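K.L.:
Could you build all of it, start to finish, from the sequences and the hints given here?
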Amino acid sequence: MRAMWSGAISFGLVNIPIKLYSGSESNSLDLHMLRKGDLSPIKYLKVAANDGKEVPYSDIVKGYKYADGEYIELDDKDFESANIAKTKTLDILDFVMESEIDSRYYEKPYYLEPDKTGAKPYALLREALKKSKKVGIASFVIRNRENIGVLKPYGKGLILNQLRYADELRSMDELKLPETKGVSDKEIKLALTLIEQLTSKFNPESYHDTYIDDLKKIIEDKAKGRKIKPKGKEPKPTKVVDMMELLKKSLKEKRNRAA
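For reference, each letter of the sequence shown is one residue, going 1 to 259 in our numbering.
Simulated from the structure, these hints should not be mistaken for lab results.
A portion of the hints provided could be inaccurate.
What the hints assert, rightly or not - Lysine-lysine pairs mimicking DSS-like chemistry, simulated, CA-CA at most 25 Å apart: (1) K120 <-> K131; (2) K43 <-> K19; (3) K224 <-> K236; (4) K62 <-> K43; (5) K108 <-> K86; (6) K229 <-> K216; (7) K108 <-> K133; (8) K46 <-> K62; (9) K19 <-> K86; (10) K36 <-> K19; (11) K120 <-> K19.
Claimed, not checked - Here are the in silico distance ranges between beta carbons for each label pair: (12) S24 <-> L169: 17 to 25 Å; (13) D221 <-> I42: 20 to 28 Å; (14) S139 <-> I42: 37 to 45 Å.
Keep in mind that this is a model prediction, so the values were computed, not measured.
The beta carbon of each residue, even a glycine, is placed where N, CA and C say it ideally should be.
P.N.:
Here it is in structure tokens:
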């Protein structure tokens, strides 16, 4: 893996030199934009608004629109100079119980690896977090933006889960959500029994993107001139009057499969 960022974890007066690596990757299908008819690939050119000429990557710089028609150019040194400490520090702000953090805030995981000189304090922080059963809330700057994240031990390492800010979450107030009226105790009891029947230990390796597999099958069939056969059927909404009967059938099917 290639390090995305290097700096130090700031823990009180202790600085632990680290490297940060992305902890996830995308496995999506790589699709191209094509012209209908001859399936010619479409290129996206970067052109200057003033004269319409294509601009090579080496001549592209970043800038901020300061006033109408006036831009201020910013380079890597400017971003670092804004706050050198922040761009080089993963600063632990607080320690909290992980259970207090709403799952909606989680965004992206990163792995942290200590530099040679930071091995011992890295191990110290890891073990202290394990024993405290708490996680650290840390701030860090990456891609020209200050972020917050959850620092926690994982095996022999430390991981940093980037969080969304509170103002980045949308409210659910505009949604039309049902009240509990009309839901009987019997229905709840049956639903609980079904949940119990379907309960297992979480194993992330048992899940994978089966839709991608289905889509690859479509691509293979089209490439070989085969007729496309749609897989599955669109689900129909469950009628309220059928709820109890469907719950009972679901339980029966589950028991039959288990047997």
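K.L.:
Next step is simple, just say for each hint if it's right about the structure.
P.N.:
For each hint, the structure was consulted:
1. K120 <-> K131: Distance ~17 Å between K120 and K131 Cα, so the pair holds.
2. K43 <-> K19: Outside the cut-off at roughly 36 Å; violated.
3. K224 <-> K236: 33 Å, violated
4. K62 <-> K43: 22 Å, holds
5. K108 <-> K86: Roughly 20 Å between the alpha carbons, so the hint for K108 and K86 holds.
6. K229 <-> K216: Since the Cα atoms of K229 and K216 sit roughly 13 Å apart, the hinted pair holds (cutoff 25 Å).
7. K108 <-> K133: 21 Å, holds
8. K46 <-> K62: 14 Å, holds
9. K19 <-> K86: Holds. K19 to K86 sits at ~15 Å (cutoff 25 Å).
10. K36 <-> K19: Violated, because 46 Å separates the two Cα atoms, which is more than 25 Å.
11. K120 <-> K19: 15 Å, holds
12. S24 <-> L169: 17 to 25 Å: 20 Å, holds
13. D221 <-> I42: 20 to 28 Å: Holds, since D221 and I42 (Cβ atoms, about 25 Å apart) stay within the stated range.
14. S139 <-> I42: 37 to 45 Å: With Cβ atoms ~41 Å apart, the hint holds.
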